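What follows is each chain in one-letter form.
2 protein chains.
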Amino acid sequence: MTTAVATDVSERLRAAKRASRSIGLLDDAAKTALLDGIADALIADTARIVAANRDDLERGDAAGISAGLRDRLLLDDGRIAALASAVRDVARLPDPVGRVLDERELPGGVRLQKVSVPFGVVASIYEARPNVTVDITALALRSGNAVALRGGSAAQSTNGALIASMRKALDRAGVDADGIQTVDDFGRDGARFLMRARGLVDVLVPRGSAQLIETVVTESTVPVIETGAGVVHIVLDESAPLDWARDIVVNAKAQRPSVCNAVETVLVVRSAADRLIPPVSEALVEAGVIIHGDDAVRRLVPEAVEATEDDWATEHMSLDLSMRVVDDLDEALEHIRRYSTMHTEAIVTADDAHAERFLAEVDAAVVMANASTRFTDGGEFGFGAEVGISTQKLHARGPMGLPELTSTKWLARGAGHTRA
Amino acid sequence: MTTAVATDVSERLRAAKRASRSIGLLDDAAKTALLDGIADALIADTARIVAANRDDLERGDAAGISAGLRDRLLLDDGRIAALASAVRDVARLPDPVGRVLDERELPGGVRLQKVSVPFGVVASIYEARPNVTVDITALALRSGNAVALRGGSAAQSTNGALIASMRKALDRAGVDADGIQTVDDFGRDGARFLMRARGLVDVLVPRGSAQLIETVVTESTVPVIETGAGVVHIVLDESAPLDWARDIVVNAKAQRPSVCNAVETVLVVRSAADRLIPPVSEALVEAGVIIHGDDAVRRLVPEAVEATEDDWATEHMSLDLSMRVVDDLDEALEHIRRYSTMHTEAIVTADDAHAERFLAEVDAAVVMANASTRFTDGGEFGFGAEVGISTQKLHARGPMGLPELTSTKWLARGAGHTRA
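Protein sequence lines, in the order shown, are assigned to chains Y and H. Going by the UniProt record's numbering, the residue at position 364 of the first sequence is 364; the numbering climbs one at a time, nothing skipped. Going by the UniProt record's numbering, the residue at position 214 of the second sequence is 214; the numbering climbs one at a time, nothing skipped.
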C-alpha cells in the first residue's frame, strides 16, 4: 500500500477515534434519539439509496454475479424500511454502557468500581451485504462506539449512500459525523490497514465466509472477535426418543440450511441405528435433504449418497447433511473434537447422565441436550439484537448482544490514599 | 523452523490439549490437592532445583549477565520455599470454574445457563524469571487449564527442573502429567510455534518487557492477553491539596520504581505550579528521585534535569520522573491521550467535578482520583493472586485474577424443543 493511502486511512481512523470520545459520553436518551434520527434519515433517503444500489446491481449483472449474491445485495423500499425499523429496535435496547459490574472497598478505604465502557472504535470487515453496514453501525453507536467499515466492493455504491445518510443524521443530532467511517474507497488496502491499525481500532469484528474470517484472524494485529463457521453436530444417543430425534434433526437442518446454526453432521450411536436412522432419514428426505452417509447409514437409507472424508469437515450451508454411525458416546465425542468448529453441538438422549456428560465435556460456544441447534441465536436468547456468534474463547463466546460491544474500566476514588 | 521441530512441538501441544480435557473436569478439592502436591514436590526437590539453577547462573556469569538479571534468575532454599507457599495460597483461592454467570428460560421452555469453563491450554512466553514458571502453572491448573511454557533461555536448566518436579506431582495425583509442557528446548522456534498454534493454544499470555509483548502481539495468530507497560500519569489539579499531592506522587514513584504501576509523568496545572511543584519536588528529591522537567518546572526546581520529547513516552522503571506544567485539565487530558499506555492514570484534586470528568474521560484500565497508582495490583484489589495486568480491552482489563483464566459456554437443556 502506498504511503498516501496509509496516511489517508490513518487520518480517517484518527477522526473516528476523536469522535468516539464524545460518542462514548452520550447518555442513554441521546443514543436512542441518535438511532431514531438514523432510521428517519434512511427512510428519507430511500430513493437515493435505491439509485446507488441500482448502480451496484448493474455492475454485478455485468460481472455475472450469482442469484444468491444479487439477492443479498438488493435493497428496495421494503428492505430499507425493514432496516430502519431494525435500527429503531436497537435504539430501544438497554444501554450497555455504565453498568457497575463489580464494586469493592480496599482495606484503606479506596472505593473501586468496575464499569462497562465503550471500546472506542469498532471496525468491521464484511461481504457485499448492505444490511450489515446499517446493522453494525446501529449496534456500535448504541453501545457508545465509533465505527470504521469495510464492506464488500460489490456493494460500494450502496454502502456509500447508506453511510452518507447515516452521517447526515449524526450531524443533525449534533454528534461528530466522523463517528462513522468507511475505507471502502481504498479497496483491499483499506482492509489491510484496518487489520493493522493498533491504537486506532479497538476491536475488529469480521462477518462473512470462513475464508474471510480466517484471513482477518491471521493477518490482524488489532484485537479480533472471531465469528465463525458452524460445523454443527447432533448426536442421537442409544436412548434418544424417536420423536425428539426426528423433530430436532429436521428442524436443525431444514428450517434454514444456509445459516451457521444449522446442523451439518448427525452421529447415530450404533445400538440405536436400526431404530432411528430409517424414520429420521425418511423425514429428512421428505424435507428435501440429501443425506451423505457412511456405509452403515447407506445400508439403511437407499437414497443416501456416499459420504467422503471431506464431508465431515464441511459446513454445507445447503440441504446436504452428513450422517455417520458411531460405536458409542465416546466415539461421538472423539468425532466432534476432531471436526467441530466449536459453535453449537447437541445430543438427543433420554439418559440424564449422558446428557450431563455431553454438556460438561464438549468444548463449544453452545452445548445442548434435547433442543434444536437453531436456538443458537441472539434473538432466540433474548438479546434483542445480535452482533454475531463468537466461536472464540476470549471476551465473548456464543451469540453476542450489545454488552459484548463494551469493555470495562476500573474507577478508584480515594482521599489521598497511598499504598502501605 | 524445520518440519521435525514443528512436529515435535505440535505433538507436545496435542498432549497438553488431551490432558486439558481431564484437568478441566477436576473438582475444586482435587485441584486444591493437586496444587498442594506441587508445593510438596518443589520442597522435596529443592536440592535438585538449586543445582540446576547453579548451572544457569554459571552460564550467565560466563556470559556476563547484569546483577539485576542474575538476581531474578537466582533460586535458593528460601525462594523455593516462598514459591511453594505461593502455590499453596493459589490452591486455596475460590474455584473459578463452574460459576453460573447467566440463566434464562426461553419462551418455549429451553433452559439456558452461561457457565465459566477453563480455556483449555494456556500458554505463556516470558523472560528468565523461574518464579513465573511456577506461578503461571499454579494459576493455570487452579483454573482447570493445561499449560504450555516458553521461558527465557537463560533459565532453561532451572525451568527444566521445576517442570520435572511439578509434572511428577501431577503423576502422583493421578493427573495426566502432559498438562504441563515446555517448549524451552526448541529455542525461538518453540516460541514461534506457540504463537501460531491455532486450535492447540487457547490463550497466550506474554509476560515481560514491552518489546517481548509487542513481538507476541504482532506475531501471534492465537488469542493473546496483552499485559502491558505502564507509562502512568498523575495530574495535579488546581485544587489538589498539597499533602495528598505529595504523599501520592512520592508513593507512586519511590515505593517501587521498577514496576508497571509506578508513576512516570506528573502533569501540574499551571495555576497550581508555584504552590505545588516546589514542595512536591523537594519530597521527591529527598526520596532519591531525579526529576526530568520542562522549562516551567526547571524554573521552580533547580535540581531538575531537562526533559526531552522521549521522556514523555518512556517507562523509566527507575527513580526518574518526568514532570510538566500544563495549562489546564484539557491539556492534561490531551497529553495523557497522546502518551498513555492505558494502564493506570490518576488525578489529585479537591474538585469533584474535575475528578468525575477525569474518571469518565480517561481511557485506561484503571482511572483514579486521589489515590496512588500503586494500588493497581491483583493483591491490592483483593484477588488473592494476579495473572498479570491487562492493558487491552478484550476479555480482561486491569489486574487479572483467576476468573480471567476462564472462558464461558452456554448450556441448553430442552425436551425435544425445536425452533418455531
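None of these hints come from the bench; they were simulated from the model. Be careful, since some hints might not be right.
[Stated by the list, open to error] Only pairs whose alpha carbons sit at most 25 Å apart, straight line, appear in this in silico DMTMM-like list of lysine to aspartate or glutamate:
(1) H:K114 / Y:D76
(2) Y:K114 / H:D95
(3) Y:K168 / H:D330
(4) H:K114 / H:D185
(5) Y:K114 / H:E309
(6) Y:K114 / H:D8
(7) H:K168 / H:D185
(8) Y:K168 / H:D28
(9) Y:K114 / H:E103
(10) Y:K114 / H:D185
(11) H:K114 / Y:D351
(12) Y:K114 / H:E334
[Claimed, not checked] The calculated label-pair distances, taken between Cβ atoms and stated as ranges, are:
(13) Y:A420 / H:A30: 45 to 55 Å
(14) Y:A353 / H:A360: 48 to 58 Å
(15) H:T308 / Y:E219: 31 to 41 Å
(16) H:I290 / Y:R172: 35 to 45 Å
(17) H:D40 / Y:S10: 35 to 45 Å
(18) Y:S10 / H:I290: 33 to 43 Å
(19) Y:S10 / H:E331: 45 to 55 Å
(20) Y:D40 / H:T308: 36 to 46 Å
These numbers were taken from a predicted model, which means no experiment stands behind them. All C-beta atoms, glycine included, are put in the ideal place defined by N, C-alpha and C.
Is the hinted pair K114 (chain Y) and D95 (chain H) satisfied, with a Cα-Cα distance of at most 25 Å?
-> Roughly 21 Å between the alpha carbons, so the hint for K114 (chain Y) and D95 (chain H) holds.
Outcome of range test on Cβ distance (D40 (chain Y), T308 (chain H); 36 to 46 Å) = With a Cβ separation near 53 Å, D40 (chain Y) and T308 (chain H) fall outside 36 to 46 Å, so the hint is violated.
Does D185 (chain H) lie within 25 Å of K168 (chain H) when you go C-alpha to C-alpha?
-> 19 Å, holds
Range hint compliance [Cβ, S10 (chain Y) to E331 (chain H), 45 to 55 Å] = 24 Å, violated
Has the hinted range 31 to 41 Å been met by the Cβ atoms of T308 (chain H) and E219 (chain Y)?
-> Holds - the Cβ-Cβ distance for T308 (chain H) and E219 (chain Y), about 36 Å, lies within 31 to 41 Å.
Satisfaction of hint between D351 (chain Y) and K114 (chain H), Cα-Cα up to 25 Å | 22 Å, holds
Between A353 (chain Y) and A360 (chain H), is the Cβ distance one that fits in 48 to 58 Å?
-> With a Cβ separation near 52 Å, A353 (chain Y) and A360 (chain H) satisfy 48 to 58 Å, so the hint holds.
Straight-line Cα separation of K168 (chain Y) and D28 (chain H) no greater than 25 Å?
-> 56 Å, violated
Quickly compare the C-alpha distance for K114 (chain Y) and E334 (chain H) to 25 Å and report which way the hint goes.
-> At roughly 24 Å apart (the allowed maximum being 25 Å), E334 (chain H) and K114 (chain Y) satisfy the hint.
For the range 33 to 43 Å, tell me whether the beta carbons of S10 (chain Y) and I290 (chain H) fit it or not.
-> 36 Å, holds
K114 (chain Y) paired with D8 (chain H) [C-alpha distance capped at 25 Å] | 43 Å, violated
May I ask you to test the hint 35 to 45 Å on the CB atoms belonging to D40 (chain H) and S10 (chain Y)?
-> 56 Å, violated
Hint check: violations occur at hints 1, 3, 4, 5, 6, 8, 10, 13, 16, 17, 19, 20; the rest are consistent with the structure.
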